[in-house]
Amino acid sequence: MADVFSINLVVSGIYLSMPLILAAFGGLLSERSGVINMALEGEMLFGAFSAVAFTWWLGSPWLGLLAALMTGALIGAIHAWLSVTLRANQIVAATAINLIASGLTAALIETVWGKPGVSPSVRKFGIVHIPLAGHLPFLGRIVERLTVLDWAGLLLAPIVWIVLFRTSFGLRLRSCGEGPEAAASVGVAVISVRYRAVILSGMLAAAGGAYLSLAQVGVFQRNITGGRGYLALAAMIFGKWRPVPVLGACLLFGLADAFQFRAQVAGVNLPHDLLLALPYLVALVALATFVGRASAPAAIGKHFIKD
Amino acid sequence: MTLDAVSADLAAGAGAPAPAVRLRGISKSYRGVRANDAIDLDLRAGSVHGLLGENGAGKSTLVKILFGLIQPDAGTIEVAGTLRRWRSPRDALAAGIGMVQQHFSLIADFSVAENLVLGAEPRRHGLLDRRRAEREVQALADRYGFRLDASRRVGELAVGARQRVEILKALHRGASTLILDEPTAALAPQEVDELFGVVAELRAQGCTIVLITHKLAEIVAMCDDVTVLRDGAVVGERTIAAHEREPGSAARDALEAELAIAMVGRSLPDPPSRQHSAGVTVLELRGVADGHGLGPLDLVVRSGEIVGVAGVEGNGQTELIEAIVGVRRVRAGRIELDGTDVSRWSVRRRLAAGLAHIAEDRHAGAVALDMPLVDNCVLGSHDRPPFTRQRVRLVRREMTRFTREVIAHHQVRVPSLDATVGQLSGGNQQKLVVGREVSRAPRLLVAAQPTRGLDVGATAFVHGELAALRAAGCAVLLVSLDLTEVMALSDRIVVMRDGAIAGEARAEDTDVIQLGSWMTGAGG
Amino acid sequence: MLRIGLFVVTVIGALVAAAPLIAIAGSNPLSAYRALLQGSLGSRRGLAETLIAATPLLTCGLAVAVSFQGGLFNIGVEGQLVIGGLIAGAIGAEVSLPAGIHVVVAILGAALGGALWALVPALLKAFRGVHEVITTIMLNYVAFSVSTYLVSPGGPLVSKTQPSATEKVKATAHLARIWQPTRLHLGVVVAIGLCAACWFFLYRTTAGYRLRMVGANPTAAQFNGINVRGVVVRTMCLSGALAGCAGAIEVLGLHGRYFDSFSPGYGFDSIAVALLGMMNPLGVAAAAAFFGMLRAGSVLLQAKAKVSKDMVTVISGLVVAFVAARVVLERRLESSASRRDRRRRDG
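Protein chains in written order, with my numbering: chain B, 40 to 346; chain A, 21 to 544; chain G, 1476 to 1822.
A portion of the hints provided could be inaccurate.
[To be verified] Straight line, CA to CA, 27 Å or less: simulated DSS-like cross-link-like pairs of lysine-lysine: (1) 1645/G <-> 1635/G; (2) 154/B <-> 1635/G; (3) 279/B <-> 341/B; (4) 154/B <-> 1784/G; (5) 1779/G <-> 154/B.
FYI, nobody ran anything at the bench for these hints, they're computed from the structure.
Work out the full structure, taking the sequences as your base and the hints as a guide.
Encoded structure:
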């Protein structure tokens, strides 16, 4: 049992929370602008798929990541068109994207690689060594094992925080989520701001998917995300739409996932299949203890009609 | 001095400085109803100008035209001697006209400074310069002597402070003429005093203020000039002299009486024949309080009488209705229906005991717009015979029959019987609701704002229904913001202020002035 | 009339929009659709397979529709279906009861299981205000783990001879085959019965009335004596019970035992079924027939036109997208209708 709680647990917890972090911050941008983003799951799937496909074609995980970001932007734009321009029910629109993602990426495995279910392995991201980092006590052993994307993900929280709370773009973005009419009355272009937020959201979620497929396993398999998009959404709600608590919630869910893996390796006497449900159970308990809706952006899910 | 004489004086306007804003012949109609009828208005630079009138007199329409929110059918706007046309409020703001609406357009999650700079944010190194924003906003607030902390979150501020933020926002965006729409409607008394101070300071610094209100006391206390509107037309204009502000003076009493008569009209509508044989007590509230500002209050409604509840919006009327209907938990006191304490009863039980309710906000509380007429028509009676058998099965035939009956008896115009309520016009929706509630032959009807937004014909129809119910021995509690309506229909009138009863009188023993003073807490 | 028109427009729109995606996936869309049609309606077997696939889709579609009519969005149908199938399989295999009673008990057990699985999101929604979409989805994954575990090697319910499955359901708990030699079973009758029952419940009972009123306007419902929280909880449980029934029907009628991943995602497709059917039981039945065709035809689609079965999920998604986008069309129709109406009234 002692083996379970080790430095490895922390490291794999960070690994496993990384896709959640990327997607949850994507969701945060979208929802802070007033658009519910239930489509994170589908956007992650699309991202994961194009990352592997383009890495396989072009040979570079960087180009794969770039392709994933572009795919995410495209899906985000479609999502924004449905949710913002057509003013469709945002949850229904997102469900459509998730269904299409799940079916299309699974169907395309066979088209691209000729056999169903899983892609061949592709090049993964390398680990970036920080000089002397290994000498740091405790932290050093974590730091020396992080990939470029891990660093990007960990830096994302402060970056998103700065964008949201310290730039005029962020102020306008939040104003669209809190009071779109008030924002429009002082000249904020609500529709354009929401488009940008939802597209960015799609890109970040796709990056989360790319992390899953490119940095963690190096292959794409059908429904590789397995509900992580929804976990990211739960983390965002549990984190009350605030960057630092959202980061914390992602790490918590990631740790639950890591614990489940480590317990398996360490031969803890609990059925593995049951342990798989751990992150979802943690998320459920988290949501159950969550108090009230007061912290959601005031105008979330409300359509804005330009007059 | 009579109003007419003053009007003549003003019209002569000898030696007076050019007005800051001049409106000429402003007219606006909605579906054939004249909201504004050739209105002329001059705002003297650096003055406080009161717009007095009852709900529906056309005040809001007029200032919305002035602020560019709606376009007039006819008439001109001149600012500082130049003819202007607004396409949107932004044009009006650019010309220095700002407006503080009753429902603030502030973002609760933002700080005061963030609210003010939104749309034109100061930047430094590509980032938002929050310190500069706060400094500038604070300086502006200090310049006008506003008690405000620019770094505070607006959501944490009291209503009065939010209002100051809203005023500051207009000033920050360059307004020198400020329209305040019912600014005291939601304020506590101390906050009202503070607002008076703010208005005085703004005037001292050269701002022109338009103050919309239906409270006499505010006009007398704050305004230099006053224009009285009734039924969309100007019915009086006047300047107010210093000695007329003296509390308790004869001059002040005369002024208030004069304005009140102008506002309500010389001839109050003939009260329908009143039935003085009020019967047994049907509804009795004793010491009812909800622990959030409602009560404690006592109230009695007898069978065969209409008790009108008057008051300025937001003084506990909604909470009172909710407590009687049973969707608001009462912390103290008893609510008795025919002698039984129902304060712990569910809404369903109260309805079964003879309560009917015309909801204040029709779309929220009374109908489901996307559901068919038939389903809406039985709402509230859906689990009682003849509409249900053993409270399990719906009897569609009876539901349809009843719906036809309501439609026919209450002259609801519907495209077809399968239509949804959303396809009906507002007046017909309300007729359907009134018809539904009346048809239940209730012991007690709570009618909240039953004619809000209705045209003249529909209003008369609803009034007739209420009178008929009274004649049939029902107890009616009429809650309305329209004082004329309350006075025309009620046998007794109670006035609510700050969640409690501020005064009560028989309808024939009271008048506008007394009711007004109870509503506003002014005078005595 | 309008509703039938919208149905047809949505279906055609989704099929047209799917064509380029099928082309991207490397096939000719026209021959794909021909294969679909042939596989689903072109033979006695195909027709039976269409009905077989339509059966769980109809039952799950009803589950989604009932929740939607009550103002809730149960997208945890897949998980509730799995739990229902598992319980039906366990009762069918492990319990001995007389014929007839056994099958009823198995189905009721499955319905109860599905209802309990939906109870958690229901309570969280009614009393804590947590949005049901997220909680039902989380519980999907929990359901998958639990069911996988129970029939995993060494799991308490796993068959001695067949990995990842329960023992075979006893003959007393079978839903009989009704059209030899096809696999069509009594489940289709159960599903149609449930459809009729749902229609009756929604439009002919006071409980159904309360459910629809809470979905249409909870405030008005509350003001008129309806216990909104109670209705929310009961609606969600009813929805879960229907999904549980669907699982039981599959296990007792088609497969004869519970096995892991017995559902090819009926619970997810049923969202599209319910949306396409405009939440009305009759419309849901029509939509289930359409999606049954897609599922049944997808076998031939894969064999002949070399199009992955997963394209059916894509078409589901496109149907949902078209339903979402359809609000624009509906808004336009509505405003023109009310304009017409006003003209008539004024004139």
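Tested hints:
Our distance criterion of 27 Å between C-alpha atoms is met by residue 1645/G and residue 1635/G, whose separation comes to about 15 Å. A distance of roughly 32 Å separates the Cα atoms of residue 154/B and residue 1635/G; the hinted pair therefore is violated under the 27 Å criterion. Using a Cα cut-off of 27 Å, the hinted pair residue 279/B and residue 341/B holds, with the two alpha carbons roughly 18 Å apart. As the CA atoms of residue 154/B and residue 1784/G are separated by approximately 13 Å, the hinted pair is consistent with the 27 Å bound.
The hinted pair formed by residue 1779/G and residue 154/B meets the criterion: a straight-line CA distance of about 16 Å does not exceed 27 Å.
Checked against the numbered hints given earlier, this structure breaks only hint 2.
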